[in-house]
Amino acid sequence: DTGVSQDPRHKITKRGQNVTFRCDPISEHNRLYWYRQTLGQGPEFLTYFQNEAQLEKSRLLSDRFSAERPKGSFSTLEIQRTEQGDSAMYLCASSLLTGLWKGANVLTFGAGSRLTVL
Amino acid sequence: KQEVTQIPAALSVPEGENLVLNCSFTDSAIYNLQWFRQDPGKGLTSLLLIQSSQREQTSGRLNASLDKSSGRSTLYIAASQPGDSATYLCAGPDQAGTALIFGKGTTLSVSS
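Protein sequence lines, in the order shown, are assigned to chains A and B.
The opening position of the first sequence corresponds to residue 1 in my numbering, with each subsequent residue numbered one higher.
The opening position of the second sequence corresponds to residue 119 in my numbering, with each subsequent residue numbered one higher.
Check before you lean on any hint, since a few could be wrong.
Below are the DSS-like pairs computed for lysine-lysine, each with C-alpha atoms no more than 25 Å apart in a straight line [said to hold, decoys possible]: (1) B:Lys160 / A:Lys11; (2) B:Lys160 / A:Lys14; (3) A:Lys57 / B:Lys119; (4) A:Lys71 / A:Lys57; (5) B:Lys186 / B:Lys119; (6) B:Lys222 / A:Lys57.
No lab work stands behind these hints, which were simulated from the structure alone.
Please put together the full structure from these sequences, using the hints given.
Encoded structure:
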């Protein structure tokens, strides 16, 4: 397993277009997370999945954003009608949490997908 | 609500110096704390994870400590090298233990 893979690594689009990012987590991991990072800031949580169920969404995730994780494997993050403010690095992470001890929830991050909206 | 703060925002040191990066958090009922490294335009690489029952973790020239009572963690880098130049981020879980809450990071520059 080569870790968490994200595609594409860089996407340049015009305002108003739709874009989709894909994340392939570590194969045995049951949790998958999406984060957004803008310049000079730390990553901000967007949403996470436990297997195929989307269990939590941040208020940052406007109705133009939708995330899916069909069959509990890879995930996609789609942004509709992109705006210049959507320009950011979109990071995916995965983890394996099987017990109740939340301290065992250790996230592994991918290299990110950088979005530039012109 | 967990909040994470990192000081300083930027640090420049000559090669060979020992240095300390600081991280503070507001919720002392923290399950663990992670330190990450991020190179420009890249993703995050996990450096060290300290569980709430531990006080420190070491990996090579890196040593991270955790003091829950004071809400502080430090990352000590010994004998810094130009290759250590990067942004260092600390993160702790939110109160539900699901999402990680990150600080804004400390950008380190080590000159040769």
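Hint-by-hint comparison with the structure:
no. : hint                : in the structure
1   : B:Lys160 / A:Lys11  : holds (14 Å)
2   : B:Lys160 / A:Lys14  : holds (23 Å)
3   : A:Lys57 / B:Lys119  : holds (16 Å)
4   : A:Lys71 / A:Lys57   : holds (19 Å)
5   : B:Lys186 / B:Lys119 : holds (16 Å)
6   : B:Lys222 / A:Lys57  : holds (21 Å)
Violated hints are absent here; each numbered hint is respected by the structure.
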